Amino acid sequence: MEFLVASAIGVMTATGLYLVLRTRTFPVVMGLSLLTYATNLFLFASGRLDVNRPPVIGASLNGYVDPLPQALVLTAIVISFGMTALVVVMALRAYLETGNDHVDLPGDASPEAHEDDWKPGGARAPAVQNAAGQKGAGGHKRGASVKGGEA
Amino acid sequence: MNHALILPILLPAIIGALLVIAARYDKVLARVFSLASTVLMLGVAIMLLVLASDGQVRSYALGAWPAPFGIVLVLDRLSALMLVLAAVLGLGVLLYAVNGWDMRGKHFHPLYQFQLMGINGAFLTGDFFNLFVFFEILLIASYGLMVHGGGGLRVKAGVQYVVTNLVGSSVFLIAAGLIYSVTGTLNMADLAVKVPQVPAADQALLQTGAVLLLLVFAVKAALVPMHFWLPGTYANAPGPVAALFAIMTKVGAYSIIRLYLLAFGADAGDAAWLAAPWLLPAGLVTLVLGMTGVLAARSLGQMASFAVIGSMGMLLATVAVFTERSTSAALYYMIHSTFAAGALFLVADLVAEGRGMQRDRLAAAPRFAQGGLIAALFFVAAIGITGMPPLSGFIGKLLVLDGVRASAHAAWFWTLILSTSLIAIVGFARGGSIVFWKAHALPATQASAAGRRAPALAFVAVGSLLACLLLLTVFAGAIHGWLDLLAAQLYAPAGYIDAVLGAAQGGR
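Those protein sequences? They're chains A and B, same order as listed. Start counting the first sequence at 1; every next residue gets the next number (the numbering used here). Start counting the second sequence at 1001; every next residue gets the next number (the numbering used here).
Please note that a few of the clues may not be correct.
So the derived label-pair ranges between C-beta atoms look like this [said to hold, decoys possible]:
#1 A:Ala71 - B:Ala1272: 24 to 34 Å
#2 A:Phe81 - B:Gly1184: 21 to 31 Å
#3 A:Tyr64 - B:Trp1273: 32 to 42 Å
#4 B:Leu1029 - A:Gly82: 20 to 30 Å
#5 A:Asp50 - B:Ala1201: 16 to 26 Å
#6 B:Ala1004 - A:Tyr64: 36 to 46 Å
#7 B:Pro1277 - A:Arg24: 32 to 42 Å
#8 B:Trp1273 - A:Asp50: 52 to 62 Å
#9 B:Pro1225 - A:Arg53: 40 to 50 Å
#10 B:Ala1456 - A:Asp104: 34 to 44 Å
#11 A:Asp104 - B:Ala1272: 41 to 51 Å
#12 B:Ala1004 - A:Asp66: 29 to 39 Å
Quick caveat, the hints were computed from the structure, so don't treat them as lab data. Being a predicted model, the structure only gives us computed values, none of them experimental. Glycine is no exception: its CB is placed at the ideal position from the N, C-alpha and C atoms.
Same shape as in the complex, but just chain B:
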C-alpha cells in the first residue's frame, strides 16, 4: 500500500485545522501556511500523476479493512489528472485571494483548505457513500466561502445555493439507498461486479437509483434543467471563490465519467450505458442555453457563469457519446475550460474592484486604473473560453468535433458547437467593448480615480492561469496522447476492479 494516496486529503485537513486553531488572527501566518499547504498539495498531486502514469491502478484501503467492506481510495490516471487540475487552480486562485479578499471576512484560509480537501477526496474515493461525504465536505466549505465578505445579495444568493445543494444531497442519499438495497454494496468496483448480476425484477429499482444519482451529479455539473443555481451563485460569490468553483462543476463531471463508465458501462447487462440517453440531449441543450446566456448576461460575472454552463454542456454531451476518442477529447476540453473559466472570473473581479460602484456590470463607466492591462487579460481569457485560435480552447473544440464524428448524433454536435461558438464570441465581444472601449468615450472623473489599484501579485495569479492555457496549447500533442491512455484505462474497467477487489483478497 502506498501511503502517498491519502496525502491530498490529510494535508489540507491538518493545515486547515491548524489554521483554525493557531492562525485565526495572524494574517501573515494564515497566508503563509495556506500557500505552503497548497504548493505542497500541488507537489503531491504531480507526484501521484507521475505514479499513475505507469498505467497501474493503485488502491489504498483505509484502516486496512478489505475492499468491499472498508472504504478504499483509488488512484488511476483520471483521479491523478483531476488532483493536479484542482491543485493548480487552487494555487492560482489562492495567489489572487491573498491580495486582500481573504481578509474581508473570517476563516477564509481554513475554509479554502477544507474545500480543497473535499475536492481531492471526491476525486480519490472508490466508495460512493464516501463520495457523498466528500461532496458534503466540499459543499459545507463552499457555503462558507460563498458568503465570504457578506453583503445582502451575496447571502441571499448563498441561501439559494445551500437549499439547492441540500435537496441534491437528499436525492443522493435516496439514490444511494436504492442502489444499495438492490446490489448490497457501496464500493464502486464491487458495484461494477454486482450490477450485471441484478435480476430483471430489480432492474427498475437499480436503474431508478442510477438515474437519480445522475440527477445529483447533474446538479453539481450545472446541466440543464439543473443549472439554475449557477449564475446567481457564481456571479454573487467573491471573485476568487467563483474562480475556485470552476473546479466544482468538474467534480460532477468527474463523478459521471467515473461511475457511469465503471459500473454502468459496456458490461452492465440490462443497465448498460444507462446515462447516455439522458446525458446527451441534456448536454446539448445546456451548451445552447449557456452560450445564449453569455449574450444575455448583464455583468462580466454572469457572462463567465453562463460560459461555464455552456462549456459543461459541451463537455458532458461529448462524454455521453461514450467512446475512447470522445472521452479523451472531452477531458482535454475540461482541463482547458477549468483554467479559462477560473481566469475569467478573476478578470471579472479585477474589473469589479477597479471600477468601484459600477462593479462588473455591462454598462459604460469612466476609465479605471490599469484598465489597459486588465482589458488585455480579458481578451486572452475570452479567446480561451470561446475556443478561438490560437489558444487551447480551439484545439479542444477541434478534438471534440473529431471525437464525435463516428457518433449517430454528429450532425447535432457540429451544428450546435459551431453556432454556439459564434454566439459566445459575439457575447464576449459585446461585453468587452462595453466595459473597456466605451469607457474611453466618457470623461475621466474623480470617482474612477478612487478605484482600487490591484497589486502585481493579482496579475501574476491571473497570468499563471492563462499561462496554463498556453502550456496546454504548446504541449497539446503530448497531453492528448496521455489522455488517450487515460481513456483506454477507463474503457477497460477490469484493471480498476482487480486493483480494488484483488488487493483485498491479497490482504486477507
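Looking at chain A on its own, in the form it has when it is part of the complex:
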C-alpha cells in the first residue's frame, strides 16, 4: 500500500507541475487541481497509512492513526477547492477581457507590442469579447486589447 500511495502522490505531483508550467490557463488549472490532490494525499499519509484503525485513542482499541493530519487535510481541501473555483473565474474573466487564454502578460515581448497593448478598444478584438461586451463593459476602458491574438 505504501508503494501505491507514494507512487500515486509522485505521479500526480509530476503531472501537476508539468501542467502548471503550460502556457494556457486550462491546463494550468488542471495542474493546480492535481497538485492539491497530491498535497492532500501526502498530508493524509503523514498521519500513518493503516487499514481499520480509528483516529481516536481508546483503552479497548488496538492501535490508532494520528487524527491531526486528517483535520489538516480537511482545512487544505476546503481552501484548495475554494481557490480552484476562484482561479477558474479569474481565468475566464481574463479570457473574456483580453480575448486569449494565455498565462503570459501581453506586451512583455517587445516595445512595439507594449505600445499596441494600450490602444483603446483594440484593433482586432475577437468575437467572444464582443459577445461578452455588454456584461463586462467596465473593463474595456484601457488595456483590454490584444495584439493580433498572440501574446
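Keeping the supplied structure of chain A fixed, place chain B upon it in accordance with the hints.
Same frame as chain A, now just chain B:
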C-alpha cells in the same frame, strides 16, 4: 492571559464582516468604518508595542487549550513591531485609497480589512499550520484587491499571481506535513524543543521540510529565483493595493526570521542555521537582480517593484548572517523599505492618474496637473528607497554594512550593496528625468489638461508615509537601540519557549 493580543485579528474581522453586510452600497459609511477600524488597529498595535517593550513574551491560548495542543498567539517585540508597521502602512494607504480608488470596484473596504486581519494574524500566531491559514486569509483578500477595478491586463496578472501563490500554498502544506511527521508538533515553540531531539535517521525528512518551508517564504518574500511573480503583480495592481503589498513581502521575511531563529537556530543540533547557506547567496543575487531591474524598468510601477525586490534581497541576505547586530540592522532597513516602497507606489499612481493615457510609463508626455508637487514627492521617495542621505535608507544601509562586518562574506556585501546603490540611483534618476523633466520639452496639450487632479488627502497620505521616513531618521538612535533589544530577545529563544509552553503547564 491578556485579551488585547487577539484584538488586531478580531477588530478587522468584525468590521470587515459588518462592512459586507451593512455598508455595501453606502460609500460614506464604508469609508468611515474602514478608516475608524484602521485607526483603532493602529492604537491597539501601539498599545501592544508598549506592552511588549518590557521584554516579556506574552502568550494567548485560543479557547484556553494548553499550548502544544491548542493554537497560541504570541506577542514579543518582533510581532509588536510588525503589527505597528502593518497598521501605519495600512492607514496611510487607506487614506490614499478613499480618494476614489475604493469605489472603482466592489468590496474594497471589506477586502482591505480582511487583508489586514490576515497580516496581523500571521505576525501573531505561534503555530505554523495556523500561519498557513493566516497566509491563505491574507492571500485570498489580496486576490480580490489585486484585480480591484478590473481591466484585462490586471486580471491576467492576477491569474499569474493566484497560480503562483496556490502552488506556494501546496508546497507549504507538504513542508508542514514533512515537519509534522518527524516532530509530531505544529507549535513553533514546541518545534524548537523537538527539533534537537530528532534522530539522525529522520534528519533528511526534517531538513527537506524546513528547506521547502523556506522556499514558500521565499515566494512570499520575492527572493530569487521565486521573485518572478512580483513585478507583473505589483505593476498591474491598483496603486494603493501595490503600496499595501509592500508589507506582504515582509510577511515572508518575518516568517523566515521567526521560524529559522526559533526552531532552526543555534540549539537545533544537526539542523542548526539551516537557512543560512540558502538564504545568503539567494539574497545577494536578489539584491543585484532587483536593482538592475530598476534600471531596465519601463514604468514607474515596475521600477518600484524591482526596488522592492532589491530591498528584500538586501534584507534577507543580512538576516542570513544570523548575528544580533545584523538582525537589528536588517529590521531597521525593513521598516524603512516598507514605508519607502509604499510611498513610491502611491507616487507612481499619482503620476499614472495625472498623465491619463501615458499612465506611469517611462516615456515623455506633456506636463500634467500638479506635476511639480508630485515630482518633489517622487524625489523624496526615490532618495528614500535608493538609500541616499539624508533619509533613513542611508542610515539603514550604514547599519547593514556595519552589521555584516564580522561575517566571512563581508566583502561580498560591501561590494554588492554599494554598487547596486549606484545602479538604483542611476535608474531612479533616469526614470524621474524622463517622466518629470522631459515633459517640459513638449508643448502643453489638451490631453494633459484632461488628466485628473488629485485631491489634497492623497498628498496627505503620501506625505504621511514619507514623514515616517523622516521620523525614522530623526529617532534613528532610539529606534536602533530598541531593535537591539528585539534582536537580543530573538537570539534567546528560551524566553519565547518558556512563555508558550510554561503558560500551558500553569493552566493545567
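Comparing the hints with the structure gives:
1. A:Ala71 - B:Ala1272: 24 to 34 Å: holds (31 Å)
2. A:Phe81 - B:Gly1184: 21 to 31 Å: The hinted range 21 to 31 Å holds for A:Phe81 and B:Gly1184, with Cβ atoms some 28 Å apart.
3. A:Tyr64 - B:Trp1273: 32 to 42 Å: holds (37 Å)
4. B:Leu1029 - A:Gly82: 20 to 30 Å: holds (28 Å)
5. A:Asp50 - B:Ala1201: 16 to 26 Å: Holds, at about 21 Å.
6. B:Ala1004 - A:Tyr64: 36 to 46 Å: holds (39 Å)
7. B:Pro1277 - A:Arg24: 32 to 42 Å: Once the Cβ atoms are compared, 38 Å apart, the range 32 to 42 Å for A:Arg24 and B:Pro1277 holds.
8. B:Trp1273 - A:Asp50: 52 to 62 Å: Hint violated: Cβ distance 37 Å, outside 52 to 62 Å.
9. B:Pro1225 - A:Arg53: 40 to 50 Å: holds (42 Å)
10. B:Ala1456 - A:Asp104: 34 to 44 Å: Given about 40 Å between the Cβ atoms, the range holds.
11. A:Asp104 - B:Ala1272: 41 to 51 Å: holds (42 Å)
12. B:Ala1004 - A:Asp66: 29 to 39 Å: holds (35 Å)
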